[in-house]
Amino acid sequence: MQNTILRMNKLFFKILTLTIGFSFLYFPILTLIAYSFNDNKRVMVWKGFSFRWYKELFQNEQILEAFYTSIKIASLSATFATIMGVMIGFSLTRISKIPARPFFIFLSSSPLVMPEIILGLSLLLFFISSNHIIGFPSSKGQLTVLISHITFSVAFVAVIIQSRLSSYDKNIEEAAQDLGTIPNMIFWKITAPVILPSIISGWLLAFTLSLDDLVVASFTTGPGANTLPIVVFSKVRLGLSPEVNALSAIIMLIVVLAAISVYFINRSHIKK
Amino acid sequence: MIRYLKKQNFWFVFTPYFWLVLFFFIPLALIFKISISVSEWGMPPYRDLFSLSEEGFKIDSTLSNYLFIFSDPFYIRSYLNSLSLAFTSTILCLLIGYPIAFYVAKSQANIRIILLVLLIIPFWTSFLLRVYAWKVLLQGSGIINSILIHLGFITEPISMLHNHYAVILGVVYTYLPFMILPLYGYLVKFDLNLIDAANDLGAKPINTFLKVILPLSLPGIIAGSMLVFIPVVGEFVIPEMLGGSDKLYFGKIIWDEFFVNRDWPVASALAMSGIVILVFPIVIFQLMYAKYNFKNE
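Chains as they are written, first to last, in my numbering: chain E, 1 to 272; chain F, 1 to 297.
Some hints could be false.
[Unchecked claim] Ranges between beta-carbon positions, derived for each pair:
hint, chain 1, residue 1, chain 2, residue 2, range
1, E, F27, F, I111, 16 to 24 Å
2, E, Q59, F, I206, 54 to 62 Å
3, E, S130, F, F10, 24 to 32 Å
4, F, I149, E, L253, 30 to 38 Å
5, F, V21, E, Q62, 36 to 44 Å
[Stated by the list, open to error] In the SDA-like style, the derived pairs of lysine to any residue whose C-alpha atoms are separated by at most 20 Å in a straight line are:
hint, chain 1, residue 1, chain 2, residue 2
6, E, K14, F, Q108
7, F, K204, E, I5
8, E, K14, F, L118
9, E, K41, F, G140
10, E, K10, F, S107
11, F, K106, E, F12
Hints are computed from structural coordinates only; laboratory data are not their basis. Backbone N, C-alpha and C fix where the C-beta goes; we use that ideal spot for every residue, glycine too.
Here chain E stands alone, though its shape is the one from the complex (with noise of 0.2 Å):
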């Protein structure tokens, strides 16, 4: 008896830490989305359901502008991280010789613990100084924001090759060296399709670290490279901002549709 009574007072305070916890996440994320339907100026006096925020988000040409060149820059950021995160991860893990090989380490590590403003201010004076010294790049734009994307983002990707590459057995791509399989074919053969899932991660990593950055973004933008972050930061800084709560609906839609889909996959996948 006394030991129901326990059981019950147990699963009382799991449910109950479960519920406040996830309300904690989930509230303003939800009421930023009711309000997003609401036909009123003043973002938090109730009006009426409409849809209008939405029509005008969709007229907004400097928001849409901004979406796509951040889609862009977001895309080839995560690609050429990902190439060079395998190309760290591989060069760690199995290529000993490596020239002043704790100074390696540092560089394709410490991009992970420097805080972005710190990131930002350096590329922001390194570009000047280039500029200045040999003329390129010729102005802040799309390439550099591009640029210091691939750098912060190339240490996340390497983490997460690196520890997947470290984990699993050396001993087959051994076994295909002595069986007389040319170096470049095993690592096309064997290690990249082991390893392509972490591939999938990093690059999905890198895609989001790059879509969701401001503050090295600010930094290294010029004239007609504003992302996504850098038009809604404008927007948001000082005041609210209707069509950007209509902005934060569609971009939970895209990403619970996306989560469910994963989910799905996953299932599927473990069925079988």
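Since chain E is already given, all that's left is putting chain F on it; use the hints.
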């Protein structure tokens, strides 16, 4: 360099090596160089460190930017504010995140996956928009004020924005998933039988937690704390959106020094001091922790 490496390996090492030296190391060296340069009107707004003129080779360096920062309590206070913000919010994230991670990890497999997806969704949602959500909630005409007035706790809306409590709330909210996910990663591998074993042997629940569960989840606690502490130290967006003038933070100071005052040498000196004061302790801690782990294995 080529001598050491086989040809196909050469590009694997050299490409990222070259990239990181060029776009990470040289920029850092450059802010060090600018931080010991003398401020000057013009473009760029500092004097060249080395100059070659008729009078010969001259080095024009100064420590005055550093002396300026460390003699002004304004800057020291902003460093301390950032450190205390990072420390407070890491502790709060841990206190809130641990029970959530624990119960999610202990749930039945089918419920656990749904809860995990629910944890990941805010993690993937735009950081900026999640901060903005709190700005909307905490407004004078916002929903929290309306609820409080409706319940009769207050009669007039109170100003909840633009103070450092709003900043802490915003930081805890946005960084909570970064704490929960690594904790979950360690707790889910945890063998529940160990808890039963401790209970069967007569351990009080508090002792079971302190002596069995907590030590085994320590790597998760450390990983989660790092993921919260490090970015919060340089945080600029949250104080800018939710904070006020009651407390200034390190990230905001660098931003203003560069964009508003246009004083590059002082901004660079702030960044360099930031690296030394805030980043080095973390790197040293990580190295020590890695050594400690290595010894224990």
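### Task
Of all the hints given earlier, name the ones this structure violates by number, lowest first.
none
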